[in-house]
Amino acid sequence: MSGICIFELAREARHGDIISLDLVPDYTSSELRKATGGRLEGVLHKALVQNCPFEFCKNFCFTVDRTADFQQAQVTAGGVPLSQVDASCQSLRSPHAWLTGELLNVDGDCGGFNLHWAWSTALCAAEAVYKEAQMS
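First residue of the sequence shown: 179, per the working numbering; consecutive thereafter.
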């Protein structure tokens, strides 16, 4: 499985979790049966159309086996806690070391938020390094 919804779930999902998807949220099972029934007649035997598992589309379940490996990752989680850096992203434990992007324990939703975080923290750190160099 892949896609934005799956990427969002990957943060929380664990091995063995059961995920249920409604593949056609705008229709009830009976509306779906009614909307597709005529199209399936002639392609499938009438008895099959009447017993077609439309509920499958409303409750598509799968069990989480694993997430993809690091090479497939869209974002990583973990890193240095934000409590360990100041507003310029300078390490409180190691002065003159700035930590940005995914070095910090931040993983945002899909949609460019992680890229924005990386660029924003890089800018904060760069400005702080520049100011410090000016004072030296």
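Simulated from the structure, these hints should not be mistaken for lab results. Where is the CB? At the ideal position from N, CA and C, for every residue including glycine. A portion of the hints provided could be inaccurate.
Stated by the list, open to error - FRET-style restraints, in silico, Cβ to Cβ:
id: 1; residue 1: SER266; residue 2: ASP243; range: 38 to 44 Å
id: 2; residue 1: ASP195; residue 2: ALA311; range: 48 to 54 Å
id: 3; residue 1: VAL307; residue 2: ARG192; range: 37 to 43 Å
id: 4; residue 1: LEU301; residue 2: GLN252; range: 21 to 27 Å
id: 5; residue 1: ALA275; residue 2: GLU209; range: 58 to 64 Å
id: 6; residue 1: SER269; residue 2: SER180; range: 33 to 39 Å
id: 7; residue 1: HIS193; residue 2: TRP297; range: 42 to 48 Å
id: 8; residue 1: PRO273; residue 2: PHE234; range: 56 to 62 Å
Stated by the list, open to error - In the DSS-like style, the derived pairs of lysine-lysine whose C-alpha atoms are separated by at most 30 Å in a straight line are:
id: 9; residue 1: LYS224; residue 2: LYS236
id: 10; residue 1: LYS212; residue 2: LYS236
id: 11; residue 1: LYS212; residue 2: LYS224
Of the hints stated earlier, which fail here? Number 7 only.
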